[in-house]
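Based on these hints, arrange chain H on the given structure of chain Y.
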Amino acid sequence: MSTPTADIIDLLAGIAPGDALAAVRDQRAQARENAQRSFEALLEPAEPGTFSLAERYAVAVFVSKLHGFAEASAFYGDLLGDEAADLSSVVEDAATAAAAAGPFGAYREPRLEGESTDGVRWAPDAATAEALGGRLTAALTHTHLLVFRPREARPEALQALVDAGWSADDIVSLSQLVAFLSFQLRVAWGLRVLAAASGPAASGPASGAASAVAAVSEGV
Amino acid sequence: MTEIVTEYPELARPEAFTQEGLGWVPWLLPVAEDELTDAQRDALIEPARAKMPYFRLLARDPDALRARTLTDLDIFFNVSGGIGRAERELAAAATSRHNGCVFCASVHAAAATRESGRQADVQRLLDEGVEADLGDETWNAVVAASVALADTPLDFGPDDIVGLRGAGLDDAEIVDVIGGAAFFNWANRLMLSLGEPEVPARRASAR
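Protein chains in written order, with the working numbering: chain Y, 78 to 297; chain H, 5 to 211.
No lab work stands behind these hints, which were simulated from the structure alone.
Glycine included, every Cβ here is placed at the ideal spot set by N, Cα and C.
Keep in mind that a hint or two might mislead.
[Claimed, not checked] Simulated DEER-style distance windows between Cβ atoms: (1) H:140 to Y:207: 18 to 28 angstroms; (2) H:49 to Y:240: 29 to 39 angstroms; (3) Y:178 to H:209: 39 to 49 angstroms; (4) H:14 to Y:95: 26 to 36 angstroms; (5) Y:197 to H:84: 37 to 47 angstroms; (6) H:132 to Y:159: 45 to 55 angstroms; (7) H:20 to Y:195: 18 to 28 angstroms; (8) H:39 to Y:207: 35 to 45 angstroms; (9) Y:147 to H:208: 41 to 51 angstroms; (10) Y:207 to H:144: 45 to 55 angstroms; (11) H:12 to Y:93: 18 to 28 angstroms; (12) H:208 to Y:240: 28 to 38 angstroms.
Okay, chain H solo, but in the shape it has when bound:
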C-alpha cells in the first residue's frame, strides 16, 4: 500500500520571512495533472494552476476549491471601489506574518511591494514583525486591524474600527481590509497544514 502522507527530510527550508519567491511541497498527494476531471479543471479557474501542486491537492474537493478561488479573486482583484490593491496585499501579508505562514507572507509581501513600491517598509514588517512602524497612518492601521482580526477567541473590536477611520478609511475600504485579512486566516491554515515552503534549488545551492 502506498503511503498517503509524504515527508521531506532533506528539504531546503526557508530560515525566516522573506519577499523572495518560495516553492511549496504537498504532504498529501495532489491529483495528477493528466488525471484531473473536468470538474476539477473547472474548479482551478485559471488553467495555469494545473501546474501547481497546491491547487491540484485542493482539487480533491473541487466545489470547495472553486468557491474558495472565486472568493479570493474578488476580494483581492476587484478594484471597483474600496481600498487599493497595495493595502489589500498588506492586510494579507500582515495576517500571514502574525499567524506565521512564511509561504503566504512571501507571496503577499512581494505583491504589496510591487503594488506600492515600498520594498523597505514591507521588509520591516517581515523583519521586525507586526509592531513595526511602516511610516504612515493608513498602513499602520491596516496592519493593526489585520492582526487584531487574526486573534482567537475573536477580539477585534470598536477600537480597531476607530483606528481605521482615524486613518481616513470609509466603510467600503474597511470591509475590504476585513475581507482581505479574514481571507488569509483561511489561506494560511491551508498552506501551513497541507504542505510546506521550500527555497528554490537555484538559491538553496548559493547559500
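Looking at chain Y on its own, in the form it has when it is part of the complex:
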C-alpha cells in the first residue's frame, strides 16, 4: 500500500476532519489506526495469496448488504466492480435472496436449549452456485452462518470450506474478514447515528435510524 487511504470508518460514518466526533475518535487513536490496518490487512493486502481480492470484495459486498448498510454496500460494491465486475450482480442478487434477521440459532449447551431460535439458513441455489464457482459458494454460505447464527458454527462448516479448496490459512483470513466487517460496519453505523443525534436533526421529531442516516449521508 503506497498510497495513503482515507479512514474507512470515518468515510462510512460520514465523519469529516474537524467534526466533533473526529476529535472523540482521536481519544482512541490506536484503535482508529488499527481498525484501518485491519481493513488494509484483510481487504487490501500486499500479498493476497490464494484468497483473491475479488473473493475478499465479494464477501464484503455480501456482508454489507446483509447488514442493510447502503453506504458500505456502495463502497465495497465499487471495489468489487473494479476488480471483478462480472461478480457484482450475482453477489448482490445472492445477498438479496439471503436476507435474514440475526443473531439466531440453536444452542448446543443443554441448559440454553430453551433459548434456541430459528431463522433463515441460506445456501446459494444451483444457478447462483454455478455463477459464483465452488470457492465463493462455500465462502458465502459460511459468511451467512457467521453473520446471522455464529452460535451454530461447527467443525463441519470448516470442513465444507476445506472441501471447496480453502486452506487453513485462508479459512482464518476469511473468518477474520467477516468478523472484522461485523465490527467495522457497527462502529461506522453507531457513529453515524450518534452524529445525527447530535446535529440539528436531533431537535426535530423522533426519526428512525434510516432517516438519520439519510440526513447525514447528504454530506458524503
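For chain H alone, kept in the frame of chain Y given last:
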C-alpha cells in the same frame, strides 16, 4: 494426508453461561509454538499469548491478528477519558450473551465483576439474559445499546442514543460503548467459529 479440521467428540462442554474460567480448543491446527515466525510472534503483541491456541491459530494471518489485537487493547484498556473499564467489559459480556458466545461471555462477565464488584448483577445477565434488570440505569442502558448494536440488519438507532444519554453518558462514553460492543461482534464470531469452549479437567471431573 493429515486432516485439516479437528473434532472433539469427548469434550467436557459447558452447559450454560458461566463466570467460571473455560478453556478453548481449536478446530483448525494452530501454528506450533516453536514454529512461530518473527512476524507471527510480533503479531501476538503479548509474548504469553504464544501459549494460547486461539492466538496461535489467528497467527496464520499475522497482519490481521496484530491489527485486531491493538484495536482490542485500545478500546478496552485505554483509560484516558471515556467510560469506565467495568462498563466496557459489561458491553462485551452483553454482546456475547446476545450472540451466544459462552466462552467470550465467561471471560468478560468475570472481568466486569472484577472491575465493579457486582458479581450478582453480572450473574443475572448470564442467567436471565439481556432483559435482566441489572439494578441501575447506566448498566441497563449499556446492555440495551450493546444488544441493539448486535442485531443484523443494523437497527441501532436514535432511541438507543437517547437511552445512553438519559443514563448520563456523554459522547466519548457512548463511543466507548459502541466500540466495545462492536468489537465483540468481531471476537464472538472468531471464538464461535474456529473452535469451542471446554470445562477445565479439574472442574469437569467434579461434576
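Status of the hints after comparison with the structure:
1. Checking the proposed 18 to 28 angstroms range against residue 140 (chain H) and residue 207 (chain Y) shows it is violated: the Cβ atoms sit about 56 angstroms from each other.
2. At about 34 angstroms, the beta-carbon gap between residue 49 (chain H) and residue 240 (chain Y) stays in the expected band of 29 to 39 angstroms.
3. For residue 178 (chain Y) paired with residue 209 (chain H), a C-beta distance near 41 angstroms keeps the hint of 39 to 49 angstroms intact.
4. Separation of residue 14 (chain H) from residue 95 (chain Y) is about 59 angstroms and departs from the stated range, judged on CB atoms against 26 to 36 angstroms.
5. Remark: the range hint 37 to 47 angstroms for residue 197 (chain Y) to residue 84 (chain H) is upheld by a beta-carbon distance near 43 angstroms.
6. Between residue 132 (chain H) and residue 159 (chain Y) the beta carbon distance is about 49 angstroms. The supplied range of 45 to 55 angstroms therefore holds.
7. For the pair residue 20 (chain H) and residue 195 (chain Y), the supplied restraint of 18 to 28 angstroms holds, since their beta-carbon distance comes to about 20 angstroms.
8. Between residue 39 (chain H) and residue 207 (chain Y) the beta carbon distance is about 40 angstroms. The supplied range of 35 to 45 angstroms therefore holds.
9. As the Cβ distance of residue 147 (chain Y) to residue 208 (chain H) is approximately 48 angstroms, the hint placing it in 41 to 51 angstroms holds.
10. Taking 45 to 55 angstroms as the suggested C-beta distance range, the pair residue 207 (chain Y) and residue 144 (chain H) conforms, at roughly 50 angstroms.
11. Remark: the range hint 18 to 28 angstroms for residue 12 (chain H) to residue 93 (chain Y) is contradicted by a beta-carbon distance near 50 angstroms.
12. At roughly 32 angstroms, the beta-carbon separation of residue 208 (chain H) and residue 240 (chain Y) lies within the given 28 to 38 angstroms, and the hint holds.
Of the numbered hints stated above, those contradicted by the structure are hints 1, 4 and 11, listed in ascending order.
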